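Student: Sequence:
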Amino acid sequence: MAKLQYQCTMSLDGFIAGPGGDMSWLAAHLGPDPTAERIMRQTGALLVGRRTFGGDDPYKGTEHEGEPYGGGWDGPQFVLTHHVPDAPVPGVTFVTDLDSAVTAAKAAAGHRNVGVLGAQVAAQCLRAGLLDEIYVSVVPVLLGDGTRLFDHPGGTRIRLEQLELTQTPGAATFVFRVLR
18 MAKLQYQCTM
28 SLDGFIAGPG
38 GDMSWLAAHL
48 GPDPTAERIM
58 RQTGALLVGR
68 RTFGGDDPYK
78 GTEHEGEPYG
88 GGWDGPQFVL
98 THHVPDAPVP
108 GVTFVTDLDS
118 AVTAAKAAAG
128 HRNVGVLGAQ
138 VAAQCLRAGL
148 LDEIYVSVVP
158 VLLGDGTRLF
168 DHPGGTRIRL
178 EQLELTQTPG
188 AATFVFRVLR
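Count the sequence shown with my numbering and you get residues 18 to 197, in order.
Simulated from the structure, these hints should not be mistaken for laboratory data. A quick note: this is a predicted structure, and the numbers were derived from the prediction, not measured. One thing to keep in mind: the hints can contain errors.
Straight-line C-alpha distance at most 25 Å; calculated SDA-like pairs for lysine to any residue [to be verified]:
id : residue 1 : residue 2
1  : Lys20     : Ile175
2  : Lys77     : Ala45
3  : Lys20     : Glu84
Label pairs and their computed distance ranges (CB to CB) [unchecked claim]:
id : residue 1 : residue 2 : range
4  : Thr120    : Pro186    : 23 to 33 Å
5  : His100    : Asp30     : 29 to 39 Å
6  : Gly161    : Ala124    : 32 to 42 Å
7  : Gln137    : Leu29     : 32 to 42 Å
8  : Ala45     : Phe167    : 17 to 27 Å
9  : Pro49     : Gly78     : 19 to 29 Å
10 : Arg68     : Ala45     : 14 to 24 Å
11 : Leu182    : Pro102    : 32 to 42 Å
12 : Pro186    : Ser41     : 18 to 28 Å
13 : Pro170    : Asp91     : 20 to 30 Å
14 : Gly88     : Ala45     : 10 to 20 Å
15 : Ser117    : Pro36     : 15 to 25 Å
16 : Gly48     : Asp116    : 17 to 27 Å
17 : Glu84     : Gly127    : 32 to 42 Å
Beta carbons are placed, not taken as given, at the ideal position from N, Cα and C, and that holds for glycine.
With the sequences and hints as input, model every part of the structure.
Tutor: Next comes the structure, spelled out in structure tokens:
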């Protein structure tokens, strides 16, 4: 059965995107990473937030601009949105409600994981009790502002169990199980 796994890279101060959704900071931290490559192989479909899907691209200006994980992954994408575009996008299904999006992404993923991309869609999955794991690569940069890994005004406590920690020269990567 497919697991829902929030997948992201985060600055040391807790941001997955800079101010205004800026992702240019990430380009300096992209490179060979055996853990990330394994996670991509284990991912059968993506569940993506609309702002993430249409947002800034760390691969902007390269041959892999607009490709998930810079061309390192290929498969079906399900974009959660309130406004389905008129023109279809190859390989992308736009879905207007979380339950339908999760059901479709899990069916498409088969025995592999569903990679959840975007802080808001991940938070929705957490609130609904649907998120199984968090994969986060922490890189050595401070952004000072932007989109947090997880933001819940007023606070809430989500218990996690660490499953894995790997280190490369440029990152510490964690995999956590969401405890319910």
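Student: Next step is simple, just say for each hint if it's right about the structure.
Tutor: A quick look at each hint next to the structure:
| no. | hint | verdict |
| --- | --- | --- |
| 1 | Lys20 to Ile175 | holds, 18 Å |
| 2 | Lys77 to Ala45 | holds, 13 Å |
| 3 | Lys20 to Glu84 | holds, 22 Å |
| 4 | Thr120 to Pro186: 23 to 33 Å | violated, 40 Å |
| 5 | His100 to Asp30: 29 to 39 Å | holds, 32 Å |
| 6 | Gly161 to Ala124: 32 to 42 Å | holds, 40 Å |
| 7 | Gln137 to Leu29: 32 to 42 Å | violated, 22 Å |
| 8 | Ala45 to Phe167: 17 to 27 Å | holds, 24 Å |
| 9 | Pro49 to Gly78: 19 to 29 Å | holds, 20 Å |
| 10 | Arg68 to Ala45: 14 to 24 Å | holds, 23 Å |
| 11 | Leu182 to Pro102: 32 to 42 Å | holds, 40 Å |
| 12 | Pro186 to Ser41: 18 to 28 Å | holds, 21 Å |
| 13 | Pro170 to Asp91: 20 to 30 Å | violated, 37 Å |
| 14 | Gly88 to Ala45: 10 to 20 Å | holds, 18 Å |
| 15 | Ser117 to Pro36: 15 to 25 Å | violated, 32 Å |
| 16 | Gly48 to Asp116: 17 to 27 Å | violated, 37 Å |
| 17 | Glu84 to Gly127: 32 to 42 Å | violated, 21 Å |
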